[in-house]
Amino acid sequence: MEFTDSYKQTGPCCFSPNARYIAAAVDYRLVIRDTQSFKVVQLFSCLDKISYIQWALDSEYILCGLYKRPTIQVWSITQPEWTCKIDEGLAGIAYARWPKHPVKGVSFTRDGKFAAVCTRRDCKDYVNLLSCDSWEIMGVFAVDTLDLADVEWSPDDSSIVVWDSLLEYKFLIYTPDGRCLLKYQAYESGLGVKSVSWSPCGQFLAIGSYDQMLRVVNRLTWKIFAEFMHLPNVRGSSCAVVFKEEDEQPQLDIAGLCLSSDPYDSNFDVSERQIGVRYEVADLPITLPFQKPAMDKPNPKQGIGLMAWSSDSQYIYTRDDTIPTTLWIWDMQQLQLAAILLQKEPIKAAVWNPTSCRLAFCTGSSHLYIWTPSGAYCVSNPLPHFTVVDLKWNSDGSYLLLKDKESFCCAALPILAESSDYSSDD
Numbered sequence: 001m002e003f004t005d006s007y008k009q010t011g012p013c014c015f016s017p018n019a020r021y022i023a024a025a026v027d028y029r030l031v032i033r034d035t036q037s038f039k040v041v042q043l044f045s046c047l048d049k050i051s052y053i054q055w056a057l058d059s060e061y062i063l064c065g066l067y068k069r070p071t072i073q074v075w076s077i078t079q080p081e082w083t084c085k086i087d088e089g090l091a092g093i094a095y096a097r098w099p100k101h102p103v104k105g106v107s108f109t110r111d112g113k114f115a116a117v118c119t120r121r122d123c124k125d126y127v128n129l130l131s132c133d134s135w136e137i138m139g140v141f142a143v144d145t146l147d148l149a150d151v152e153w154s155p156d157d158s159s160i161v162v163w164d165s166l167l168e169y170k171f172l173i174y175t176p177d178g179r180c181l182l183k184y185q186a187y188e189s190g191l192g193v194k195s196v197s198w199s200p201c202g203q204f205l206a207i208g209s210y211d212q213m214l215r216v217v218n219r220l221t222w223k224i225f226a227e228f229m230h231l232p233n234v235r236g237s238s239c240a241v242v243f244k245e246e247d248e249q250p251q252l253d254i255a256g257l258c259l260s261s262d263p264y265d266s267n268f269d270v271s272e273r274q275i276g277v278r279y280e281v282a283d284l285p286i287t288l289p290f291q292k293p294a295m296d297k298p299n300p301k302q303g304i305g306l307m308a309w310s311s312d313s314q315y316i317y318t319r320d321d322t323i324p325t326t327l328w329i330w331d332m333q334q335l336q337l338a339a340i341l342l343q344k345e346p347i348k349a350a351v352w353n354p355t356s357c358r359l360a361f362c363t364g365s366s367h368l369y370i371w372t373p374s375g376a377y378c379v380s381n382p383l384p385h386f387t388v389v390d391l392k393w394n395s396d397g398s399y400l401l402l403k404d405k406e407s408f409c410c411a412a413l414p415i416l417a418e419s420s421d422y423s424s425d426d
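The opening position of the sequence shown corresponds to residue 1 in the UniProt record's numbering, with each subsequent residue numbered one higher.
Read the hints as simulated data drawn from the structure, not as lab findings.
The calculated BS3-like cross-link candidates involving lysine-lysine, where the alpha carbons are at most 27 Å apart (straight line), are:
#, residue 1, residue 2
1, K348, K292
2, K292, K344
3, K68, K8
4, K297, K344
5, K68, K85
Construct the entire structure; sequences and hints are all you get.
In structure tokens:
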């Protein structure tokens, strides 16, 4: 794996949809770099510190949200002299987006022709269907929720899922004309839905909840067909492979040492030697580190806080927030747990490669972690004092953007090769 140099950033940074550019916010400047040479191709100066950036789907334009001002500025990559500014004044700005990009309470169809917008009036929740060509309301229907949390179209745009606030476990699936296909309530008198995700193929809908359960709906029958529990005690009968992160013992070169060497000599700095890590396959049964949530505080750290499908819809990863150092990977063809990745630190972010079954994730350390169906391995970032706190793939899966608190770099990954080695330390 090859790494670039690190480059400064003070806020959001992301690849363009065509994978040709990478944009990074540096205070009030927007820096556009070429992803091949990483040279600066455009530099835009905004009116205030950049809080948010988003590319247009054609990679021609990019918007910058200056939420403190509050102003939106839009720039053209090929026509730098062209500018656009939207000032909302006293009304303020909560968010800005291009069509097709979802936010809470709003979801666009994949073709961008329609939007589902949630509204509430007279203590009742409604879904409004809008045409994105004329912005006219094409239809409105009431939904059976107490306090609707969010809405999302299915990947084939044939159905809409809505779910209730965390105080009530309930999710419902509707057709665009308002016909209810499924109403599901797993339990009462407990915190409810925490995360929702359609599989890319559109056949499955995954629901993660505060009861540490992952439930999966099959859209062919509109019924729950799989339930996966996240327990700290993994039984010996499990088919899962458990990868446990371990420190590598540093190899000390004693050729240059003598009996008179002072271990406190300032030239003898062990801290400069980066400690490597590797995965070891742990034996079952195993007990995972569990953190009891504080139930007397709002939004307790429990339940399925992270969840995402692989691009081929065969695998889904989850992170239960009461076991934050563990990533669970479930095989939806075999309907069983495929792997457990046990880290030394809590998992901060995880992303699937958009073109292959490869998962990358980070824990806020200097290391990058990769899982494939063939095994898992750890990669040490060669850049000094660089800790990976977030990561993103570009659209073709050839580059991985790694973010530190004040800088970023990119890593080029080799083409995915099949292997049966379950303990690699590249």
